[in-house]
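Count along the sequence shown from 1, add 19, and you get the number used in our numbering.
There's no promise every hint is true.
[Unchecked claim] Have a look at the derived ranges for each label pair, beta carbon to beta carbon:
#1 R43 - G106: 30 to 36 Å
#2 G106 - K126: 35 to 41 Å
#3 S46 - A79: 20 to 26 Å
#4 K126 - G104: 15 to 21 Å
#5 G45 - S94: 19 to 25 Å
#6 G120 - G58: 19 to 25 Å
#7 R70 - T50: 16 to 22 Å
#8 V108 - A51: 21 to 27 Å
#9 L54 - G123: 31 to 37 Å
#10 E124 - G58: 20 to 26 Å
#11 G120 - S48: 14 to 20 Å
#12 A83 - T134: 31 to 37 Å
#13 A60 - D39: 31 to 37 Å
#14 D39 - Q93: 28 to 34 Å
Honestly, the hints are just simulated from the structure, not real lab data. Bear in mind that the values here come from a model prediction, so they are computed numbers and not experimental data. Beta carbons: idealized from backbone N, C-alpha and C, even for Gly.
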Amino acid sequence: MAQRRTAKLGSGRGPRRDLDWDPRTGSLSWTAEMLNLYGVAYPAETYAEWRQLVHVDDIARVEAEREETLRRRQSFNIEYRVMHGSGEVRWIALRGEGYYGDDGEVKRVLASIWTSMNASAPRNNCVKAKSAFGRWPIAHRC
């Protein structure tokens, strides 16, 4: 059975915190390292602004995985692509957890973000699948 997270606001403990999101207001704060990871000059100040930086093919999965783990009061570890300011697609690993009020609702989400160490895995899997089938039935780039 998965360990249930019941961290309270203001506990003062936890991992490195690169991202602090208030899901009630949508406000977001970043550390300076985040600017380099995403390749932007200014930090996203709202969830909606951050959402625009996530690759369009990944955002629905990222939100679904995060929401499900928060609903179960578990920590999350999600890898996804971002459209880096340089024009490149980069893989990011987002690890965090929710902090809940006495009413059980998520009050804050604190997370750490790294460049994914498994960035080549999705591409390698794609190339292997192409080799196994000879071609994709629809237009697809790895």
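Hints, verified against the model:
1. At roughly 34 Å, the beta carbons of R43 and G106 sit within the given window of 30 to 36 Å.
2. Range check, G106 to K126: Cβ separation about 37 Å, and the 35 to 41 Å hint holds.
3. In this structure the hint that S46 and A79 lie 20 to 26 Å apart at CB holds, the actual value being about 23 Å.
4. Distance hint check: the CB atoms of K126 and G104 are about 31 Å apart, inconsistent with the given range 15 to 21 Å.
5. In this structure the hint that G45 and S94 lie 19 to 25 Å apart at CB holds, the actual value being about 22 Å.
6. The hint said 19 to 25 Å for the Cβ distance between G120 and G58, and at roughly 35 Å that hint is violated.
7. Roughly 19 Å separates the CB atoms of R70 and T50, a value that falls within the hinted 16 to 22 Å.
8. A C-beta distance of roughly 23 Å is found between V108 and A51, which places it inside the suggested range of 21 to 27 Å.
9. At about 34 Å, the CB distance of L54 to G123 agrees with the hint of 31 to 37 Å.
10. Look at E124 against G58: about 34 Å separates their beta carbons, and that is not inside 20 to 26 Å.
11. The hinted window of 14 to 20 Å between G120 and S48 holds, with their beta carbons roughly 19 Å apart.
12. Distance hint check: the CB atoms of A83 and T134 are about 23 Å apart, inconsistent with the given range 31 to 37 Å.
13. Look at A60 against D39: about 20 Å separates their beta carbons, and that is not inside 31 to 37 Å.
14. Taking the beta carbon of each, D39 and Q93 are about 19 Å apart, not inside 28 to 34 Å as hinted.
Of the hints listed earlier, those the structure fails to meet are numbers 4, 6, 10, 12, 13 and 14, in rising order.
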